[in-house]
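> First to last, the protein sequences are chains W and D. Residues 1 to 107 in our numbering are what the first sequence lists, from first letter to last. Residues 1 to 107 in our numbering are what the second sequence lists, from first letter to last.
No copy labels: a pair is met if it fits in one copy or bridges any two.
Simulated crosslink set (PhoX-like; lysine-lysine; CA at most 20 Å straight-line):
#1 Lys67 / Lys35
#2 Lys78 / Lys29
#3 Lys93 / Lys5
#4 Lys64 / Lys35
#5 Lys67 / Lys38
#6 Lys64 / Lys93
#7 Lys5 / Lys38
#8 Lys18 / Lys78
#9 Lys64 / Lys38
#10 Lys29 / Lys64
#11 Lys29 / Lys67
#12 Lys93 / Lys38
#13 Lys78 / Lys67
If you are wondering where the hints come from, they were derived from the structure by calculation, not from laboratory data.
There are 2 protein chains.
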Amino acid sequence: MKALKSYYAVIFSSTQNKNIEGYAEMAEKMETLAKQQKGFIGIESARNEIGITVSYWETLEAIKNWKQQSEHLQAQLKGRQDWYSWYHVRICKVEREYEFLQQQESV
Amino acid sequence: MKALKSYYAVIFSSTQNKNIEGYAEMAEKMETLAKQQKGFIGIESARNEIGITVSYWETLEAIKNWKQQSEHLQAQLKGRQDWYSWYHVRICKVEREYEFLQQQESV
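Isolated chain W, as found in the complex (with noise of 0.2 Å):
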């Protein structure tokens, strides 16, 4: 993940329902698409009873681009007519981070 001075993290919090056919191939094609967006960073997923996904972008405005992405706004209607039952969705700001990466052992 690129070093920047001030960047956005997208949280998006969802409950599926039983059915989500077509949700699996949809997801992958929508990340594939998300990296391919001006201002895109990273993204970070994982689901249990909760699914939480985290993507990160530059700007605002690169949020803004990805949420009125013309394929991105059929799979957001299709996820709400079919797959999810409830979700949530928090733009914000990264003010501060730090990160711990473990020691290799020798081996």
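Keeping the supplied structure of chain W fixed, place chain D upon it in accordance with the hints.
Frame of chain W, contents of chain D only:
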């Protein structure tokens, strides 16, 4: 979750080692403890290859206090020594949000 004018999110992304003995108990204990902290709003968590935990707080001071809480400090140390191969913490200001809730179908 309470409706608030402005609040903060702590995004904790991580990968774990193979041996995570004691982790589940500690994670549960820390979640219980976090919920008792002043300024705590909510917490969401999911894990597959990567784990993402997002906790929500009323102020940056509440986040700082939780980071320095004594039992939590011990848990963080244990996490770096034994459980986590990597983690990344981002402290974010929630700037905008929206929510979707599926309409219940009539029975």
